[in-house]
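Listed below are the residues making up each chain.
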Amino acid sequence: GAVVSQHPSRVICKSGTSVKIECRSLDFQATTMFWYRQFPKQSLMLMATSNEGSKATYEQGVEKDKFLINHASLTLSTLTVTSAHPEDSSFYICSARPLRSASYNEQFFGPGTRLTVL
Amino acid sequence: AQSVTQLGSHVSVSEGALVLLRCNYSSSVPPYLFWYVQYPNQGLQLLLKYTSAATLVKGINGFEAEFKKSETSFHLTKPSAHMSDAAEYFCAVSANSGGGADGLTFGKGTHLIIQP
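For the record, the sequence lines run as chains A and B. The opening position of the first sequence corresponds to residue 49 in the numbering used here, with each subsequent residue numbered one higher. The opening position of the second sequence corresponds to residue 1226 in the numbering used here, with each subsequent residue numbered one higher.
In short, the hints are calculated from the structure, not lab data. There's no promise every hint is true.
As the list claims (entries may be wrong) - Estimated spans, in silico, between C-beta atoms of each pair:
{"id": "1", "chain 1": "B", "residue 1": "Leu1243", "chain 2": "A", "residue 2": "Pro56", "range": "27 to 33 Å"}
{"id": "2", "chain 1": "A", "residue 1": "Cys61", "chain 2": "B", "residue 2": "Ser1253", "range": "39 to 45 Å"}
{"id": "3", "chain 1": "B", "residue 1": "Ser1253", "chain 2": "A", "residue 2": "Lys112", "range": "23 to 29 Å"}
{"id": "4", "chain 1": "B", "residue 1": "Leu1243", "chain 2": "A", "residue 2": "Ser121", "range": "27 to 33 Å"}
{"id": "5", "chain 1": "A", "residue 1": "Leu116", "chain 2": "B", "residue 2": "Ala1226", "range": "24 to 30 Å"}
{"id": "6", "chain 1": "B", "residue 1": "Leu1281", "chain 2": "A", "residue 2": "Lys103", "range": "17 to 23 Å"}
{"id": "7", "chain 1": "A", "residue 1": "Thr130", "chain 2": "B", "residue 2": "Tyr1264", "range": "28 to 34 Å"}
{"id": "8", "chain 1": "B", "residue 1": "Ser1237", "chain 2": "A", "residue 2": "Ser121", "range": "30 to 36 Å"}
{"id": "9", "chain 1": "A", "residue 1": "Leu124", "chain 2": "B", "residue 2": "Ala1279", "range": "35 to 41 Å"}
{"id": "10", "chain 1": "B", "residue 1": "Ser1228", "chain 2": "A", "residue 2": "Leu166", "range": "48 to 54 Å"}
Stated by the list, open to error - Cut-off 30 Å, straight-line C-alpha distance, at most; resulting in silico cross-link-like pairs (BS3-like, lysine-lysine):
{"id": "11", "chain 1": "A", "residue 1": "Lys114", "chain 2": "A", "residue 2": "Lys68"}
{"id": "12", "chain 1": "A", "residue 1": "Lys68", "chain 2": "A", "residue 2": "Lys112"}
{"id": "13", "chain 1": "A", "residue 1": "Lys112", "chain 2": "A", "residue 2": "Lys89"}
{"id": "14", "chain 1": "A", "residue 1": "Lys114", "chain 2": "A", "residue 2": "Lys103"}
{"id": "15", "chain 1": "B", "residue 1": "Lys1293", "chain 2": "B", "residue 2": "Lys1283"}
{"id": "16", "chain 1": "A", "residue 1": "Lys89", "chain 2": "A", "residue 2": "Lys114"}
{"id": "17", "chain 1": "A", "residue 1": "Lys112", "chain 2": "B", "residue 2": "Lys1333"}
{"id": "18", "chain 1": "A", "residue 1": "Lys62", "chain 2": "A", "residue 2": "Lys114"}
{"id": "19", "chain 1": "A", "residue 1": "Lys112", "chain 2": "A", "residue 2": "Lys62"}
{"id": "20", "chain 1": "A", "residue 1": "Lys89", "chain 2": "A", "residue 2": "Lys62"}
{"id": "21", "chain 1": "B", "residue 1": "Lys1333", "chain 2": "A", "residue 2": "Lys68"}
{"id": "22", "chain 1": "B", "residue 1": "Lys1293", "chain 2": "A", "residue 2": "Lys89"}
{"id": "23", "chain 1": "B", "residue 1": "Lys1333", "chain 2": "A", "residue 2": "Lys89"}
{"id": "24", "chain 1": "A", "residue 1": "Lys103", "chain 2": "B", "residue 2": "Lys1283"}
{"id": "25", "chain 1": "A", "residue 1": "Lys89", "chain 2": "A", "residue 2": "Lys68"}
{"id": "26", "chain 1": "A", "residue 1": "Lys114", "chain 2": "B", "residue 2": "Lys1283"}
{"id": "27", "chain 1": "B", "residue 1": "Lys1283", "chain 2": "B", "residue 2": "Lys1333"}
No residue lacks a Cβ here, since even glycine has one placed at the ideal position from N, Cα and C.
Using the sequences and the hints, build the whole thing.
Structural data, given as structure tokens:
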């Protein structure tokens, strides 16, 4: 149980285009999903917190107009990288917190999406 | 605000030897602490977690960690390294906010190398 999927696993796009990444909780409902970014050989940095039915909360320094987050259902959150540029190339990982969750901030991570912008 | 420091970006041990990966945290509130493992081009797998219950926490694959408040540490150990343990290990912290949902703050990671 507690499986989180991401689609696509890899994407290559041209500079200036937009890319949508999906994060799904497959066997549980998630009121909160998180989006992280990981540069090569570096740690994960929290980008934003996504709550179902409300606007995402972005971390300082993350452009909300560039990284559009939609959490339209209890099992799906999407991250759209708009007008992508080579510096947006990174590994994007989502996590999901179950609706009925233990108190310790339980989160389950997706396998990640490798974005390469040419 | 929270932060995590992992000492040693690379740790190399021989197969069968003790594994010790260091993690120190800073938190203005009681923390939850986590260790995750990441294999190349994959997401994160939870090894173990500290949630204010027992200070010695046992996880999967023979790993364990001890929460030491006085030292603000949460070091990860395994008595005998296996080749399959070679991976990137991340220590993470979040606030113990009574069931709230907070993003995790991660350390920079430690790359564990197992020598045959």
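Verification of the hints:
1. B:Leu1243 - A:Pro56: 27 to 33 Å: This hint is violated: roughly 40 Å between Cβ atoms.
2. A:Cys61 - B:Ser1253: 39 to 45 Å: 41 Å, holds
3. B:Ser1253 - A:Lys112: 23 to 29 Å: 26 Å, holds
4. B:Leu1243 - A:Ser121: 27 to 33 Å: With Cβ atoms ~46 Å apart, the hint is violated.
5. A:Leu116 - B:Ala1226: 24 to 30 Å: 27 Å Cβ-Cβ, so the 24 to 30 Å window holds.
6. B:Leu1281 - A:Lys103: 17 to 23 Å: With a Cβ separation near 41 Å, Leu1281 (chain B) and Lys103 (chain A) fall outside 17 to 23 Å, so the hint is violated.
7. A:Thr130 - B:Tyr1264: 28 to 34 Å: Because 31 Å falls inside the window, the suggested range holds.
8. B:Ser1237 - A:Ser121: 30 to 36 Å: 46 Å, violated
9. A:Leu124 - B:Ala1279: 35 to 41 Å: 36 Å, holds
10. B:Ser1228 - A:Leu166: 48 to 54 Å: Violated: the Cβ-Cβ distance is about 35 Å, outside 48 to 54 Å.
11. A:Lys114 - A:Lys68: 12 Å, holds
12. A:Lys68 - A:Lys112: 14 Å, holds
13. A:Lys112 - A:Lys89: Judged against 30 Å, a Cα distance of about 25 Å means the pair holds.
14. A:Lys114 - A:Lys103: 14 Å, holds
15. B:Lys1293 - B:Lys1283: 15 Å, holds
16. A:Lys89 - A:Lys114: 24 Å, holds
17. A:Lys112 - B:Lys1333: 25 Å, holds
18. A:Lys62 - A:Lys114: Since the Cα atoms of Lys62 (chain A) and Lys114 (chain A) sit roughly 16 Å apart, the hinted pair holds (cutoff 30 Å).
19. A:Lys112 - A:Lys62: Roughly 21 Å between the alpha carbons, so the hint for Lys112 (chain A) and Lys62 (chain A) holds.
20. A:Lys89 - A:Lys62: This hinted pair holds, its Cα atoms lying about 24 Å apart.
21. B:Lys1333 - A:Lys68: 27 Å, holds
22. B:Lys1293 - A:Lys89: Roughly 28 Å separates the two Cα atoms, so the pair holds.
23. B:Lys1333 - A:Lys89: 9 Å, holds
24. A:Lys103 - B:Lys1283: 38 Å, violated
25. A:Lys89 - A:Lys68: Roughly 24 Å between the alpha carbons, so the hint for Lys89 (chain A) and Lys68 (chain A) holds.
26. A:Lys114 - B:Lys1283: Answer violated: Lys114 (chain A) to Lys1283 (chain B) is near 41 Å, above 30 Å.
27. B:Lys1283 - B:Lys1333: 23 Å, holds
When held up to the earlier numbered hints, the structure conflicts with 1, 4, 6, 8, 10, 24, 26 and fits the remainder.
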